[in-house]
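Could you build all of it, start to finish, from the sequences and the hints given here?
Chains as they are written, first to last, in the numbering used here: chain A, 1 to 283; chain B, 1 to 283; chain C, 1 to 313; chain D, 1 to 313.
Simulated from the structure, these hints should not be mistaken for laboratory data.
Misleading hints may appear alongside valid ones.
[What the hints assert, rightly or not] Some chain C residues well away from chain D (every beta-carbon gap over 12 Å; in silico):
hint, residue
1, Thr46
2, Glu49
3, Glu55
4, Asp61
5, Glu70
6, Phe77
7, Lys97
8, Leu98
9, Ile114
10, Glu116
11, Arg117
12, Glu128
13, Gly166
14, His266
15, Asp294
[Unchecked claim] Coverage of chain D stretches by chain B, computed from C-beta distances (three or more under 8 Å per stretch; other residues unrestricted):
hint, segment
16, 152 to 165
17, 239 to 253
18, 258 to 266
19, 280 to 294
All residues carry an ideal CB built from backbone N, CA and C; glycine is no exception.
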Amino acid sequence: MSSGQRRVDVEVESKRPDETPDGKGHPNTCPGCGSHYRDDELKQALRVCPQCGHHFRVGARERIEQLVDTGSFVENDADLRSADPLQFFDLRPYAERLVEAEMETGLGDAIVCGAGDIEGRTCDLAIMDFGFMGGSMGSVVGEKFVRSCERAAESGGTLVSVSASGGARMQEGILALMQLPKTICAIEDLHESRGSMISVLTHPTTGGVLASFASLGDVVLAEPGALMSFAGPRVVSQTTREKLPDDFGRAESNYRYGHLDAIVPRSELRATVAQLLGLFEHP
Amino acid sequence: MSSGQRRVDVEVESKRPDETPDGKGHPNTCPGCGSHYRDDELKQALRVCPQCGHHFRVGARERIEQLVDTGSFVENDADLRSADPLQFFDLRPYAERLVEAEMETGLGDAIVCGAGDIEGRTCDLAIMDFGFMGGSMGSVVGEKFVRSCERAAESGGTLVSVSASGGARMQEGILALMQLPKTICAIEDLHESRGSMISVLTHPTTGGVLASFASLGDVVLAEPGALMSFAGPRVVSQTTREKLPDDFGRAESNYRYGHLDAIVPRSELRATVAQLLGLFEHP
Amino acid sequence: MPNEAEMRLRERLSKLGGMKLLRGTKLSGELARLQDQLDQLRADPTAEEIWQSVELARHVDRPYTLDYVERIFDDFFELHGDRGRADDSALVTGLGKLDGRTFVLIGHQKGRDIKERATRNFGMAYPEGYRKAMRAMSLAGRHGFPVVTMVDTPGAYPGVAAEQHGQGGAIARSQAAMVRLPVPTVACVIGEGGSGGAVAIAVADRVLMQENAIYSVISPEGCAAILWRDAGQARKAAAAFKPDAAHCLELGVVDGIVAEPEGGAHTDVDAAAQLLEQGILAAFEEIDDLDDDDRRRLRREKYRMMGVLASTA
Amino acid sequence: MPNEAEMRLRERLSKLGGMKLLRGTKLSGELARLQDQLDQLRADPTAEEIWQSVELARHVDRPYTLDYVERIFDDFFELHGDRGRADDSALVTGLGKLDGRTFVLIGHQKGRDIKERATRNFGMAYPEGYRKAMRAMSLAGRHGFPVVTMVDTPGAYPGVAAEQHGQGGAIARSQAAMVRLPVPTVACVIGEGGSGGAVAIAVADRVLMQENAIYSVISPEGCAAILWRDAGQARKAAAAFKPDAAHCLELGVVDGIVAEPEGGAHTDVDAAAQLLEQGILAAFEEIDDLDDDDRRRLRREKYRMMGVLASTA
Ligand SMILES: [Zn+2]
Ligand SMILES: [Zn+2]
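Below you can see the structure in the form of structure tokens.
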């Protein structure tokens with residue numbers, strides 16, 4: 001292979017929210033065992049397949065319901081919206097994609113931030129939503145994450161981050177890449193204020209989000225089966241023509257290679273996070 | 001294998017100074033190519049085989065001659081001698097071994113320390129001698145190394161350490177092990193005084209010396225072919241019954257695995273150390 | 001868009017003008033420099049000009065990190081190995097003297113011939129490379145040596161082993177180490193500034209970019225493949241996400257542009273090195289006299305401001 | 001030699017008595033404790049008693065780190081992985097509460113049954129284990145969590161891969177990390193304190209040793225094989241290098257001995273854990289109130305004094 005011919009892409013293609021992970025089938029049909037569920041059944045089961053344990057994706061609002069004591073969540077910065085600094089236009093204008101994503105998800109961008117209690121312990125939360133343009137991180141995701149860090153830093157408290165992202169948002173160009181150091185600076189400041197961060201990686205957490213804040217929790221947890229890789233499987237197999245291991249980039253593989261503190265099934269996530277909040281409480 | 005049956009030894013057997021590395025043959029016969037040299041020939045060639053480049057061992061005094069500007073070396077702490085805190089007695093008393101080692105080598109213990117100039121740049125030096133009880137580290141080696149660090153720290157200067165050691169000195173029991181943290185504390189203090197350390201590993205640097213100061217240079221160099229392993233090859237093959245790679249624990253293997261900044265042939269060592277002294281000079 | 005570019009630069013100028021001056025800062029120099037850049041700002045680069053940058057940034061004869069190192073630094077000594085797994089030669093680290101001071105140098109390194117390209121993995125580092133970089137950073141911090149980085153990579157290597165070794169975490173931690181560094185730091189994008197693999201060593205007090213370098217969140221081909229579903233649309237993609245130096249300066253992502261010889265850095269490597277050296281020295285002059293804590297705080301404040309929002313409630 | 005043992009203890013007592021007291025230190029408590037140990041000091045352990053310690057320290061039913069952890073700490077959460085290569089289960093790290101405070105725990109872990117012994121590699125860590133330990137230490141330093149270590153290993157694993165992964169350097173760096181830690185640290189030798197693999201996590205403000213634990217530069221068998229050229233002479237070797245707690249205390253290598261239930265810790269694990277918990281809390285009480293910088297300085301001064309010289313010119 002000659003130089004200059006070898007190009008690298010690290011962003012995972014963003015998926016429309018109505019697509020399943022492999023792009024086919026109904027979203028409530030389990031890709032693990034083929035069982036089909038009504039939406040309310042699945043929601044009741046925390047969107048974990050009662051048959052085989054497959055963890056379906058969870059949107060930000062529903063994730064907050066699962067994690068936080070009922071009624072305790074107060075959202076912050078809900079009014080922040082992406083600008084279009086590059087007037088980016090591919091097959092459709094970025095501005096149009098943003099409006100559509102907001103209409104489909106009811107979210108202002110790919111992250112919901114705020115404060116809430118988990119088993120009675122107050123914390124800040126930064127919860128990503130893959131449904132909004134593949135959970136891609138642009139200026140708004142970066143800014144909202146940073147503000148969450150700053151709020152946690154004020155009280156020396158803990159930020160709980162739940163990531164789900166295909167990586168940096170191409171439509172914001174180099175400014176999207178700058179959200180990596182921007183969020184990292186905020187975590188450094190948080191740590192210098194004796195605050196802490198618990199990072200929960202959910203399917204998928206790839207590209208620029210894995211290569212920034214998601215990897216820098218004091219404790220890093222993942223849901224079973226979550227893909228967490230810097231480069232997505234498709235890019236790796238296309239670039240290297242390597243045969244990928246079955247569990248390539250999955251939480252289980254990452255745990256084995258020393259990149260995770262624990263894999264936590266969704267049913268135990270709330271209790272685990274609460275336990276950690278207690279451990280990181282400063283007297 | 002049942003528990004309690006698996007024992008680990010990390011010290012390499014010390015060799016008598018009149019033995020060659022493999023315990024047979026004349027010390028001036030090259031184990032690499034079989035060439036035989038007169039002692040003055042070999043000394044003239046920095047004890048590197050002119051035929052095949054094999055690096056013979058060099059005693060501390062001769063090493064200092066090779067490295068330091070003629071007449072510039074001033075020795076420190078030459079009068080320190082080992083005590084026998086455990087009144088250690090194996091097949092022979094430790095006290096007797098010490099006296100014999102001193103008579104054979106003319107050294108007070110397995111390290112010679114002092115200050116000197118290398119290409120006009122002043123530095124502190126801590127030079128080990130494998131001929132003194134296999135270069136093993138007991139209280140005297142630890143203390144002299146620490147005092148060298150302290151002298152370098154006073155001026156914010158650089159300590160050049162040249163190690164050659166089978167590990168900690170068993171005859172001083174747990175106190176020998178304590179020389180690991182003791183020397184490490186001194187390097188930490190040296191660094192906090194903006195001083196620096198250049199560590200040169202020569203054949204062999206194993207056990208407690210590799211697991212303490214020798215690994216902690218700001219720059220770590222090794223001579224070609226030098227064995228540098230925590231556990232010696234014999235212990236590894238006996239304990240694990242693994243087949244050892246040909247270059248097991250050698251400088252070349254360690255370089256490949258990321259543990260060395262450079263492998264420096266003896267003929268270039270003086271110039272390389274001088275270059276580094278210049279780089280670490282504080283204006 | 002030229003007017004908008006100008007507006008942004010003016011905005012940065014006015015922000016800087018209104019800042020409280022720290023004891024010892026040289027913000028007045030900064031103001032003069034920005035004013036200068038503003039005055040020289042040509043019309044916004046066209047799609048054609050952007051693509052020319054992409055081609056020059058990837059030119060097979062373009063000078064690489066070590067070409068500059070041998071021309072800029074004296075007594076350069078390369079530091080090898082990450083002390084854990086390997087020595088990744090896609091990323092080089094070392095010590096060298098410039099203007100009588102010792103610097104730590106960290107840079108991606110592409111290969112010149114086929115064999116070296118393979119050895120250096122086309123400048124695409126494994127996590128081992130970023131761990132070696134962190135080791136060099138911690139040496140710099142310990143001794144107060146300022147850090148220069150040279151960024152020139154298509155991206156961090158996307159391979160199975162690289163993922164198993166923790167590529168994402170290594171890139172994150174390398175950035176965090178740069179955020180923490182107590183010493184002055186200058187990053188120079190000298191070729192391809194490809195995504196996470198680039199920013200891993202580009203978080204600095206001053207980020208410079210050579211005139212024909214590119215700095216981007218994804219490669220033009222990658223972006224085209226995803227958004228246009230056709231890698232052949234790379235030119236269109238590049239025109240859309242604007243990885244050229246002028247746009248990066250305009251967006252506040254880099255702090256200055258370093259001129260290249262007419263026709264690109266490869267036409268006269270000595271001259272390119274001289275210009276780069278001048279740029280590096282000028283950048284350090286702006287930050288050298290700052291107190292370590294102030295400098296680190298300003299570094300973070302700079303990144304704090306990156307991004308553009310529609311509503312800034 | 002009983003008289004000499006007594007002499008050494010008396011010497012340490014007089015040294016301590018003559019030290020300038022730092023604001024907030026509890027050296028008077030320290031004095032009382034040493035006096036107490038001196039009073040209780042039995043005659044120097046015989047060769048037979050030393051060997052009994054070796055056997056008890058390695059007893060198959062002896063409680064291991066996690067047996068103590070579950071009895072001493074509340075809300076324990078294990079932290080896994082070195083963030084570079086693997087999760088080495090021969091060494092465990094985690095967070096837990098004791099007396100309302102959060103501690104970082106680092107300890108070797110042997111296996112109880114055959115399968116677990118294999119998984120945990122008989123408590124012999126790879127460099128990955130020590131790197132995980134360093135990660136836990138840096139978390140402790142960042143958050144001000146005090147650190148407890150539990151030492152119980154035949155030694156660091158002597159294997160080809162372990163050497164390739166940098167065993168010597170990892171052990172050195174783990175000690176250096178403990179030397180630097182700004183938080184209070186207590187190490188407990190709870191079984192076999194085997195050489196470099198042990199001291200890698202045993203550099204602490206206070207080092208405790210259970211009554212029947214051993215702490216040594218080499219295993220009795222290894223020493224015998226080298227010096228007697230016969231591994232069967234292990235008893236002789238142990239008698240010669242004296243790895244028992246009384247001798248380690250006498251030599252100033254450990255700061256206190258933690259009693260075990262009659263017959264050894266395995267005869268009553270709950271009681272052993274209670275005694276260990278008391279020992280740990282008492283040790284922290286001595287160092288908690290010190291200023292971080294003072295504590296770190298005193299830690300280094302302690303190790304500075306280790307060793308015995310014939311001539312101290
Ligand atoms: Zn299912
Ligand atoms: Zn030869």
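Results for each hint:
1. Thr46: holds (45 Å)
2. Glu49: holds (43 Å)
3. Glu55: holds (37 Å)
4. Asp61: With a cut-off of 12 Å, Asp61 of chain C remains clear of chain D, as the shortest Cβ separation is near 37 Å.
5. Glu70: Given a closest Cβ separation of 30 Å, the condition holds.
6. Phe77: holds (20 Å)
7. Lys97: holds (28 Å)
8. Leu98: For Leu98 of chain C, whose nearest Cβ neighbour in chain D is about 30 Å away, the distance exceeds 12 Å, so it holds.
9. Ile114: Fine: 29 Å to the nearest Cβ keeps Ile114 of chain C off the interface.
10. Glu116: Non-interface label on Glu116 of chain C holds, nearest chain D Cβ at 25 Å vs cutoff 12 Å.
11. Arg117: holds (27 Å)
12. Glu128: Violated: least Cβ distance 9 Å, not greater than 12 Å.
13. Gly166: Label violated. Min Cβ-Cβ 6 Å, cutoff 12 Å.
14. His266: holds (37 Å)
15. Asp294: Answer for Asp294 of chain C: holds, closest chain D Cβ roughly 22 Å.
16. 152 to 165: holds (count 11)
17. 239 to 253: It holds: at least three residues are needed, and the segment 239 to 253 of chain D offers 8 whose Cβ sits within less than 8 Å of chain B.
18. 258 to 266: violated (count 0)
19. 280 to 294: violated (count 0)
In summary, the structure is inconsistent with hints 12, 13, 18, 19 from the numbered list given earlier, while agreeing with the others.
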